[in-house]
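*Asks:* Use these hints to put chain F onto chain H, whose structure you have.
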Amino acid sequence: MDIINWLIELFKRDVFTAISNVSAIAGLIISFFVLIRVKRIERNYTFRIRVPALSQGLYDQAQRLINHLNDYQNEIQGIREVLAESRVYLESLQEKVNRDTRKPVKVLLNEIYRYSESHEQLNHLSYPKSFLYRIGLYHLRHAGLEELKGENKRDDIYRIYLNLLALKRKLDIGQEDRRLD
Amino acid sequence: MAQENKELSSSATAESSKWLSAVIALTKLTQTGNLRWRRTTPSEAFRTLKPEGEIESVYMAEFKELLLRLYEEIDIKAYEPFFKDSVLKVLGGRRPSSRIVLEMLSHNMENLITFPQVNALPGLLSAVKYQVSDVKNVLEDIVKEADLIEAE
Numbered sequence: 001m002d003i004i005n006w007l008i009e010l011f012k013r014d015v016f017t018a019i020s021n022v023s024a025i026a027g028l029i030i031s032f033f034v035l036i037r038v039k040r041i042e043r044n045y046t047f048r049i050r051v052p053a054l055s056q057g058l059y060d061q062a063q064r065l066i067n068h069l070n071d072y073q074n075e076i077q078g079i080r081e082v083l084a085e086s087r088v089y090l091e092s093l094q095e096k097v098n099r100d101t102r103k104p105v106k107v108l109l110n111e112i113y114r115y116s117e118s119h120e121q122l123n124h125l126s127y128p129k130s131f132l133y134r135i136g137l138y139h140l141r142h143a144g145l146e147e148l149k150g151e152n153k154r155d156d157i158y159r160i161y162l163n164l165l166a167l168k169r170k171l172d173i174g175q176e177d178r179r180l181d
Numbered sequence: 001m002a003q004e005n006k007e008l009s010s011s012a013t014a015e016s017s018k019w020l021s022a023v024i025a026l027t028k029l030t031q032t033g034n035l036r037w038r039r040t041t042p043s044e045a046f047r048t049l050k051p052e053g054e055i056e057s058v059y060m061a062e063f064k065e066l067l068l069r070l071y072e073e074i075d076i077k078a079y080e081p082f083f084k085d086s087v088l089k090v091l092g093g094r095r096p097s098s099r100i101v102l103e104m105l106s107h108n109m110e111n112l113i114t115f116p117q118v119n120a121l122p123g124l125l126s127a128v129k130y131q132v133s134d135v136k137n138v139l140e141d142i143v144k145e146a147d148l149i150e151a152e
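Protein sequences appear in the order of chains H and F.
No gaps in the numbering here: position 107 of the first sequence is 107 in our numbering, and each next residue is one more.
No gaps in the numbering here: position 86 of the second sequence is 86 in our numbering, and each next residue is one more.
Hint data in this document are derived by calculation from the structure and do not stem from the laboratory.
Think of the CB as a built atom: it goes at the ideal place given N, C-alpha and C, for glycine as much as any other residue.
You may find that some hints are simply not true.
Ranges between beta-carbon positions, derived for each pair [unchecked claim]:
| # | chain 1 | residue 1 | chain 2 | residue 2 | range |
| --- | --- | --- | --- | --- | --- |
| 1 | F | Glu-150 | H | Arg-159 | 38 to 44 Å |
| 2 | H | Lys-96 | F | Ile-74 | 33 to 39 Å |
| 3 | H | Tyr-45 | F | Arg-99 | 29 to 35 Å |
For the chain H half of the interface with chain F, some residues (derived, Cβ under 8 Å), not all of them [as the list claims (entries may be wrong)]:
| # | residue |
| --- | --- |
| 4 | Leu-28 |
| 5 | Asn-67 |
| 6 | Leu-69 |
| 7 | Asn-70 |
| 8 | Tyr-161 |
| 9 | Leu-162 |
Looking at chain H on its own, in the form it has when it is part of the complex (with noise of 0.2 Å):
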């Protein structure tokens, strides 16, 4: 009752600015709208042009993954560059994707930080440390990094290929509603 009160009592004033009042306003609405409606657009468009390929990828690395893991001990090294990989990938991912799927991303991604050097931890570095680091007397691999050798290290690594074949197929089946939408 009180916004009618209050057209009553623009129209009353003058007519033309009480026009030009209403129609900003509502310019203004419209206008939001638009630009959430713009930004889903983007979304779905970036969803689906790149996504699609960003996923593939993450199941090539789970594939390296998975047959590096037939001689674990002597395939260390390579085992630290797939995890390395893949992180570009999820980090790339993770801007894309909505809420629902951003979670498993990030829950990935903090597992395979454990076992790569990443931005991540030079941004948690403390100052001291990130000086060091800067001039080449601190290395992350001491600082954080864990050493894959060990059993229970070999399960994290089948976590991590169980989180990237379930993020893959949340993939699939995310760009299978999108569809729909």
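*Replies:* Just chain F, lined up with the frame of chain H:
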């Protein structure tokens, strides 16, 4: 509609993740040597059950009281186009489609369960092939032989 799809998707994901975990557990047992596989040639009776498929090798393993059978079935009749969802599909050639099948059998070879098509099956097949063909020792032998030849 979208909400319904989401619910269906999440229950499908939960269901498929159980099978996925099971296949990965079998892969791990294979790679750690706790599950031993052997290669067998498919019997005539088995071939007649799969008239439209071409099966090169069948791998068998004993797991507790049961038998596991793993094979790749190449469907030579149902070809997939090279270019899916594209106008180019009329121009390109076609390739045979294939699927990896994992079955659980009783001791009198009765099929109890056929695993659904989860994306961990190629990894299991590759691990089984690696174990059966003894790739690790073959590679070591090649390196040793090459070293011996060089030393001479």
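*Asks:* Take the hints in turn and mark each one as holding or not.
*Replies:* Comparing the hints with the structure gives:
Restraint check, Glu-150 (chain F) to Arg-159 (chain H): a C-beta distance of roughly 42 Å satisfies the suggested window 38 to 44 Å. Judged by the Cβ atoms, the range 33 to 39 Å given for Lys-96 (chain H) and Ile-74 (chain F) holds: they are separated by roughly 35 Å. For the pair Tyr-45 (chain H) and Arg-99 (chain F), the beta carbons lie near 33 Å from each other, so the given range of 29 to 35 Å is met. Proximity of Leu-28 (chain H) to chain F is violated relative to the hint, the smallest CB-CB distance being about 28 Å (cut-off 8 Å).
The beta carbon of Asn-67 (chain H) comes within 6 Å of a beta carbon in chain F, closer than 8 Å, and the hint placing it at the interface holds. A hinted interface residue such as Leu-69 (chain H) counts as satisfied when its beta carbon comes closer than 8 Å to some beta carbon of chain F; here the least separation is about 5 Å, so the hint holds. For Asn-70 (chain H), the shortest C-beta to C-beta distance to chain F is roughly 5 Å, which falls under 8 Å, so the interface hint holds. Because the beta carbon of Tyr-161 (chain H) sits about 7 Å from the nearest beta carbon in chain F, less than 8 Å, this interface hint is met.
Hint status for Leu-162 (chain H) relative to chain F: holds, with the closest Cβ pair at about 5 Å, below 8 Å.
In this structure, the one hint that does not hold is number 4.
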